[in-house]
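Here the working numbering is used: the first residue of the sequence shown is 1, the next is one more, and so on.
Quick caveat, the hints were computed from the structure, so don't treat them as lab data. As the structure is a computational prediction, the values presented were derived from the model and not from experiment. All C-beta atoms in this analysis are idealised placements derived from N, C-alpha and C, irrespective of residue type, glycine included. Mixed in with the good hints, there may be bad ones.
What the hints assert, rightly or not - Within a straight-line C-alpha distance of at most 25 angstroms, the following computed PhoX-like cross-link-like pairs (lysine-lysine) qualify:
| no. | residue 1 | residue 2 |
| --- | --- | --- |
| 1 | Lys221 | Lys5 |
| 2 | Lys212 | Lys108 |
| 3 | Lys5 | Lys145 |
| 4 | Lys49 | Lys220 |
| 5 | Lys108 | Lys154 |
| 6 | Lys7 | Lys221 |
| 7 | Lys154 | Lys212 |
| 8 | Lys5 | Lys108 |
| 9 | Lys154 | Lys5 |
| 10 | Lys220 | Lys7 |
Unchecked claim - Ranges between beta-carbon positions, derived for each pair:
| no. | residue 1 | residue 2 | range |
| --- | --- | --- | --- |
| 11 | Ala66 | Lys212 | 32 to 40 angstroms |
| 12 | Asn103 | Asp157 | 40 to 48 angstroms |
| 13 | Asp48 | Asp157 | 51 to 59 angstroms |
| 14 | Glu158 | Arg53 | 39 to 47 angstroms |
| 15 | Lys221 | Glu47 | 45 to 53 angstroms |
| 16 | Glu43 | Gly67 | 22 to 30 angstroms |
| 17 | Lys145 | Gly215 | 12 to 20 angstroms |
| 18 | Lys221 | Ala72 | 39 to 47 angstroms |
| 19 | Gly203 | Ala137 | 18 to 26 angstroms |
| 20 | Ser13 | Gly67 | 28 to 36 angstroms |
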Amino acid sequence: MNNIKIKDLFNLSETIAAGLFERYDYPWEVLSHISDYILGLGEGLDEDKYYRRGRDIWIARSATVAGSASLAGPLIIDENAEIRHCAFIRGSAIVGKNSVVGNSTELKNSILFNNVEAPHYNYVGDSVLGFHAHMGAGSITSNIKADRQNILIKDGDESIETGLRKIGAILGDYVEVGCNAVLNPGSVIGAHTNIYPTAMIRGVIPANSIVKNTGEIIEKK
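Based on the sequences and whatever the hints tell you, model everything.
And the structure:
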């Protein structure tokens, strides 16, 4: 399998969680450790830049959080992020600098790198969205199989056993996901790839690809 390791997918200078990713080879390995990492990191954040809400939520003073948003910890909302009307953050989440979590978007156990947009009716669960990734309206990460079995990361005839029952999607840097696309459990999308609207994605998609319809993948020129 190629281009599915952390070093292939992400620029780690674009997340406050770089220290977590540096411990592992594969991005789904961080998912079980997000909560503990936030709790440790939050205690050391600069009080001039971040304020603490309750026991385990840290919000950058430059961030914008709508009064109607529902926030649960552990949670870090980084500088200049925007949490919009009726966003629902269920905890164990990091929202990167300049990122947007929008109207009726639900987020849990996930890391959004800097400049990520999940602005309209998105579900992002047990997932990692790389720098400048964008979720089109209504697109979702499906994070559990119908049979509730552990998830395999599949690339053609090859597969990796993750030992995890819940994995949503891993989006590399600059991935664009079209409206109403569905990213099936364990999808890994290489950097600079575009997913067309309504596509259903499964398995590993190479970097610098265009996915027009389900199963129709072409290389960017």
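Verification of the supplied hints:
1. Lys221 with Lys5: OK: Lys221 and Lys5 at ~23 angstroms, within 25 angstroms.
2. Lys212 with Lys108: violated, 28 angstroms
3. Lys5 with Lys145: holds, 23 angstroms
4. Lys49 with Lys220: Distance of about 41 angstroms is beyond 25 angstroms: violated.
5. Lys108 with Lys154: holds, 24 angstroms
6. Lys7 with Lys221: holds, 23 angstroms
7. Lys154 with Lys212: OK: Lys154 and Lys212 at ~20 angstroms, within 25 angstroms.
8. Lys5 with Lys108: The hint holds at about 22 angstroms.
9. Lys154 with Lys5: holds, 14 angstroms
10. Lys220 with Lys7: holds, 21 angstroms
11. Ala66 with Lys212: 32 to 40 angstroms: Once the Cβ atoms are compared, 36 angstroms apart, the range 32 to 40 angstroms for Lys212 and Ala66 holds.
12. Asn103 with Asp157: 40 to 48 angstroms: holds, 41 angstroms
13. Asp48 with Asp157: 51 to 59 angstroms: With Cβ atoms ~53 angstroms apart, the hint holds.
14. Glu158 with Arg53: 39 to 47 angstroms: holds, 44 angstroms
15. Lys221 with Glu47: 45 to 53 angstroms: Since Lys221 and Glu47 have Cβ atoms about 50 angstroms apart, the given range 45 to 53 angstroms holds.
16. Glu43 with Gly67: 22 to 30 angstroms: Taking Cβ atoms as reference, Glu43 and Gly67 lie about 27 angstroms apart, which means the hint holds.
17. Lys145 with Gly215: 12 to 20 angstroms: holds, 19 angstroms
18. Lys221 with Ala72: 39 to 47 angstroms: holds, 44 angstroms
19. Gly203 with Ala137: 18 to 26 angstroms: Given a distance of about 24 angstroms, which is inside 18 to 26 angstroms, the answer is holds.
20. Ser13 with Gly67: 28 to 36 angstroms: For Gly67 against Ser13, whose Cβ atoms are near 33 angstroms apart, the range 28 to 36 angstroms holds.
In summary, the structure is inconsistent with hints 2 and 4 from the numbered list given earlier, while agreeing with the others.
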